[in-house]
Amino acid sequence: TQLLEQSPQFLSIQEGENLTVYCNSSSVFSSLQWYRQEPGEGPVLLVTVVTGGEVKKLKRLTFQFGDARKDSSLHITAAQPGDTGLYLCALTNTGNQFYFGTGTSLTVIP
Amino acid sequence: NAGVTQTPKFRILKIGQSMTLQCTQDMNHNYMYWYRQDPGMGLKLIYYSVGAGITDKGEVPNGYNVSRSTTEDFPLRLELAAPSQTSVYFCASSSGRGGYTFGSGTRLTVV
Numbered sequence: 041t042q043l044l045e046q047s048p049q050f051l052s053i054q055e056g057e058n059l060t061v062y063c064n065s066s067s068v069f070s071s072l073q074w075y076r077q078e079p080g081e082g083p084v085l086l087v088t089v090v091t092g093g094e095v096k097k098l099k100r101l102t103f104q105f106g107d108a109r110k111d112s113s114l115h116i117t118a119a120q121p122g123d124t125g126l127y128l129c130a131l132t133n134t135g136n137q138f139y140f141g142t143g144t145s146l147t148v149i150p
Numbered sequence: 454n455a456g457v458t459q460t461p462k463f464r465i466l467k468i469g470q471s472m473t474l475q476c477t478q479d480m481n482h483n484y485m486y487w488y489r490q491d492p493g494m495g496l497k498l499i500y501y502s503v504g505a506g507i508t509d510k511g512e513v514p515n516g517y518n519v520s521r522s523t524t525e526d527f528p529l530r531l532e533l534a535a536p537s538q539t540s541v542y543f544c545a546s547s548s549g550r551g552g553y554t555f556g557s558g559t560r561l562t563v564v
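As given, the protein sequences belong to chains Z and U, one line each in that order.
Per my numbering, the very first residue in the first sequence carries number 41; after that it's consecutive.
Per my numbering, the very first residue in the second sequence carries number 454; after that it's consecutive.
Simulated from the structure, these hints should not be mistaken for laboratory data.
Please note: incorrect hints may appear among the correct ones.
[Stated by the list, open to error] Some but not every residue of chain Z turned toward chain U, in silico, with C-beta under 8 Å: (1) 81; (2) 83; (3) 133.
Ideal placement from N, C-alpha and C gives every residue a C-beta, glycine not left out.
Only chain Z is shown next, with the shape it has when bound in the complex:
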């Protein structure tokens, strides 16, 4: 079983601040995804990465993947209240069955 840890578990920041959340695995993975989940809804896919060292940007969100393919980070620039939610990372080695971390709960205060 993959061990997947996310940190911090909770994060509360002021609007306009920057933040970084982390996802670490006990072993190498072939593919990793980041999701955002809002209260009362299912997770929504943000990005998928498959290459070690890869960096992907999605507007104010920057996703970085470790060269060893065991860790990942999500950086948000100038956070907005709409960024509030639970950020989940998920990894797979089979390509079609993902294991999820426990998530980082982000609150952006106006």
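Starting from the known structure of chain Z, arrange chain U on it as the hints suggest.
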């Protein structure tokens, strides 16, 4: 664009009762999944299916059953509800080459 539809959204069951959580997708995805989400525990895989007629156990299958008679539908059955099954249940589907599309969840309370 419906995506993944789950019903019901909320349900209260008494211990020992049974129920079926419905899940249907209109994207012609082969892969479908059932997860449960408990506070601080993340999403745990209950069962999954790689195509019609094929199902397999995930991390936490005890107390649940599934079937996949069509590509579109993947119902989850609870035969004898227990308080430990109080959770939020999510169904998801995938084409196998990208991310999951999740439903909006079913919040189940067993009392």
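Consistency of the hints with the structure:
1. 81: Because about 5 Å separates residue 81 of chain Z from the closest Cβ in chain U, which is inside the 8 Å limit, the hint holds.
2. 83: 5 Å, holds
3. 133: It is violated, given that the least Cβ distance between residue 133 of chain Z and chain U is near 14 Å, above 8 Å.
Violation of the numbered hints given earlier is confined to hint 3; every other hint is satisfied by the structure.
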